[in-house]
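Student: Chain by chain, the residues:
Protein chains: 6
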Amino acid sequence: MISRMGGNAMKLSARNVLKGTIRSIEIGQVNAEVVLEVAPGLEMTSIITRKSCENLGLKVGKEAYLIVKASNVMIGTE
Amino acid sequence: MISRMGGNAMKLSARNVLKGTIRSIEIGQVNAEVVLEVAPGLEMTSIITRKSCENLGLKVGKEAYLIVKASNVMIGTE
Amino acid sequence: MISRMGGNAMKLSARNVLKGTIRSIEIGQVNAEVVLEVAPGLEMTSIITRKSCENLGLKVGKEAYLIVKASNVMIGTE
Amino acid sequence: MISRMGGNAMKLSARNVLKGTIRSIEIGQVNAEVVLEVAPGLEMTSIITRKSCENLGLKVGKEAYLIVKASNVMIGTE
Amino acid sequence: MISRMGGNAMKLSARNVLKGTIRSIEIGQVNAEVVLEVAPGLEMTSIITRKSCENLGLKVGKEAYLIVKASNVMIGTE
Amino acid sequence: MISRMGGNAMKLSARNVLKGTIRSIEIGQVNAEVVLEVAPGLEMTSIITRKSCENLGLKVGKEAYLIVKASNVMIGTE
Numbered sequence: 001m002i003s004r005m006g007g008n009a010m011k012l013s014a015r016n017v018l019k020g021t022i023r024s025i026e027i028g029q030v031n032a033e034v035v036l037e038v039a040p041g042l043e044m045t046s047i048i049t050r051k052s053c054e055n056l057g058l059k060v061g062k063e064a065y066l067i068v069k070a071s072n073v074m075i076g077t078e
Numbered sequence: 001m002i003s004r005m006g007g008n009a010m011k012l013s014a015r016n017v018l019k020g021t022i023r024s025i026e027i028g029q030v031n032a033e034v035v036l037e038v039a040p041g042l043e044m045t046s047i048i049t050r051k052s053c054e055n056l057g058l059k060v061g062k063e064a065y066l067i068v069k070a071s072n073v074m075i076g077t078e
Numbered sequence: 001m002i003s004r005m006g007g008n009a010m011k012l013s014a015r016n017v018l019k020g021t022i023r024s025i026e027i028g029q030v031n032a033e034v035v036l037e038v039a040p041g042l043e044m045t046s047i048i049t050r051k052s053c054e055n056l057g058l059k060v061g062k063e064a065y066l067i068v069k070a071s072n073v074m075i076g077t078e
Numbered sequence: 001m002i003s004r005m006g007g008n009a010m011k012l013s014a015r016n017v018l019k020g021t022i023r024s025i026e027i028g029q030v031n032a033e034v035v036l037e038v039a040p041g042l043e044m045t046s047i048i049t050r051k052s053c054e055n056l057g058l059k060v061g062k063e064a065y066l067i068v069k070a071s072n073v074m075i076g077t078e
Numbered sequence: 001m002i003s004r005m006g007g008n009a010m011k012l013s014a015r016n017v018l019k020g021t022i023r024s025i026e027i028g029q030v031n032a033e034v035v036l037e038v039a040p041g042l043e044m045t046s047i048i049t050r051k052s053c054e055n056l057g058l059k060v061g062k063e064a065y066l067i068v069k070a071s072n073v074m075i076g077t078e
Numbered sequence: 001m002i003s004r005m006g007g008n009a010m011k012l013s014a015r016n017v018l019k020g021t022i023r024s025i026e027i028g029q030v031n032a033e034v035v036l037e038v039a040p041g042l043e044m045t046s047i048i049t050r051k052s053c054e055n056l057g058l059k060v061g062k063e064a065y066l067i068v069k070a071s072n073v074m075i076g077t078e
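Chains as they are written, first to last, in this note's numbering: chain A, 1 to 78; chain S, 1 to 78; chain B, 1 to 78; chain U, 1 to 78; chain C, 1 to 78; chain H, 1 to 78.
If we strip away everything but chain A, and leave its shape as in the complex, we get (with noise of 0.2 Å):
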């Protein structure tokens, strides 16, 4: 369950590194919002700061990972 990001196996205490591809991109003037779809018609969505975006090179049709600690991760139920 833990991430193994490239060659090198770089690894994170997150539990949840879920690779997707990026679906759309909005820049505000201190942060960024960007959607990632993370499995068939899964979207998923992050605030960044702008120049983490930008330092990033994020770019709509790109890979990434999206990162979650576990801690910050709720539970609803019906």
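It should be emphasised that the hints constitute simulated quantities derived from the structure, not laboratory data.
Among these hints, one or two may not hold up.
A pair counts as met if it fits within one copy or between any two copies, since identical chains are not told apart.
[What the hints assert, rightly or not] Lysine-lysine pairs mimicking BS3-like chemistry, simulated, CA-CA at most 30 Å apart:
(1) K51 - K62
(2) K19 - K51
(3) K62 - K19
(4) K59 - K19
Following the hints, complete the assembly by docking chains S, B, U, C and H onto the known chain A.
Tutor: Same frame as chain A, but now just chains S, B, U, C and H:
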């Protein structure tokens, strides 16, 4: 202490709400770790309080929603 | 993209769900700041995405729930 | 390891700082769950490390502040 | 809306409180990005609301504390 | 400011990535507390899941990266 919000369609500001099936639950003294399968073969992990886990009546095999605020989602690239 | 979960009593693992009245909304390019009064004279502030704010149809004077995961709550003492 | 900041009026960027009374404390190996009453009948729950709980000398009945960063607050509507 | 907590030694449950010097501030409509140098050559970045930034009177060159809850800290290894 | 971990240029959107040395590890049933020294005399604390701690093979004395999303960093002033 668990919130029970009305009887109508509930909407959340959280941009990431994924329906899934509970695949494992591990209970500690204060927290619990809950793993959901949100797409075929795609599991995500949540840490919630043990009390919430009990109050929601979470059980392996049951359906549940996984909820993540967009500001808690990071992006990584190779 | 806003989640609409069923027509039944929705339960969340978040331990802090407070009913309140929206007292102010400030919209930015990516995010929005929403202030709720959750008890007489007790206001709390939320930052959500602008899109969530629009999709939820938030308006000053409307009722809404403020939701905080317990692991995001700190304690301070004098 | 607990921060003791000066002897003057301390100000935090956190938009949500609520004075309350500790109503319960539950201690685990790593974390502790602390419940504060922040308004009459309005309780909020915090998960902090056990060490912080001990170092702050938290006890049921004592006053304390509950602190939440606005970006960790979600909104829900019915 | 900024919290001003008493005149005594303030203690926080947050395990990470680092004294630093503000190196840059960038203001958006809702949020602001603040960079602090917390050790020689070691800069850390914070996103807070623009209002908090103004209310705290943050300015480049001033001292400030950087505060992070331990549950929001991840670990990575190579 | 973007972190480049390893030789395969892994990059994260997290604005705060600090290299450090693990100084202590405390294991609970669900979570673990890991302390890193990120600059001489400057320790920071992380709470991750016990499983991540085991899977990453964390040990006192080993090098590791501490990662914090900017939106989870608060500022305080005296």
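Student: Does each hint hold? Answer for all of them.
Tutor: Evaluated hints:
no.	hint	verdict
1	K51 - K62	both (18 Å within a copy, 23 Å between copies)
2	K19 - K51	both (21 Å within a copy, 21 Å between copies)
3	K62 - K19	both (11 Å within a copy, 26 Å between copies)
4	K59 - K19	both (15 Å within a copy, 28 Å between copies)
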